[in-house]
Amino acid sequence: RVRVVTVAKEHLIRLSLKELLPQLDAQRFWQVHRGTIVQARCIREARREESGKVTLFLRDRTETLTASRLYAHLFKGQ
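When the letters of the sequence shown are read in order and numbered with our numbering, they come out as residues 12 to 89.
No wet-lab data here; the hints were simulated from the structure.
It is possible that part of the hints are untrue.
As the list claims (entries may be wrong) - Straight-line distance between alpha carbons at most 30 Å, and here's what the computed DSSO-like set of lysine-lysine pairs gives: (1) 87 with 29; (2) 64 with 20; (3) 64 with 87; (4) 29 with 64.
Said to hold, decoys possible - Derived CB-CB ranges, DEER-like: (5) 64 with 25: 31 to 41 Å; (6) 36 with 75: 15 to 25 Å; (7) 66 with 18: 18 to 28 Å; (8) 77 with 52: 18 to 28 Å; (9) 13 with 52: 17 to 27 Å; (10) 55 with 35: 17 to 27 Å; (11) 20 with 84: 16 to 26 Å; (12) 71 with 35: 18 to 28 Å; (13) 37 with 68: 30 to 40 Å.
Where a beta carbon is used, it is the ideal one built from N, C-alpha and C, also for glycine.
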């Protein structure tokens with residue numbers, strides 16, 4: 012099961028992330044960690060630390076996400 016979080020609600024869907032990912036537009040939805048996909052337009056800011064870790068700050072959400080090293084290249088200019 013995959014937990015889908017929107018501004019207003021959370022949903023559980025009966026697909027694995029592996030099944031869901033090919034159904035999403037890769038230009039709009041970015042995988043940023045092994046178990047995390049985020050809609051690109053929902054990223055307010057990406058901040059790279061000296062260690063190379065990238066922290067993502069979202070629009071309309073208080074929590075942050077961490078992009079793994081494998082996906083940090085998406086935020087190369089940060």
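Inset, instruction - Could you work out which earlier hints the structure fails to respect and list their numbers in ascending sequence? - result: 11, 13
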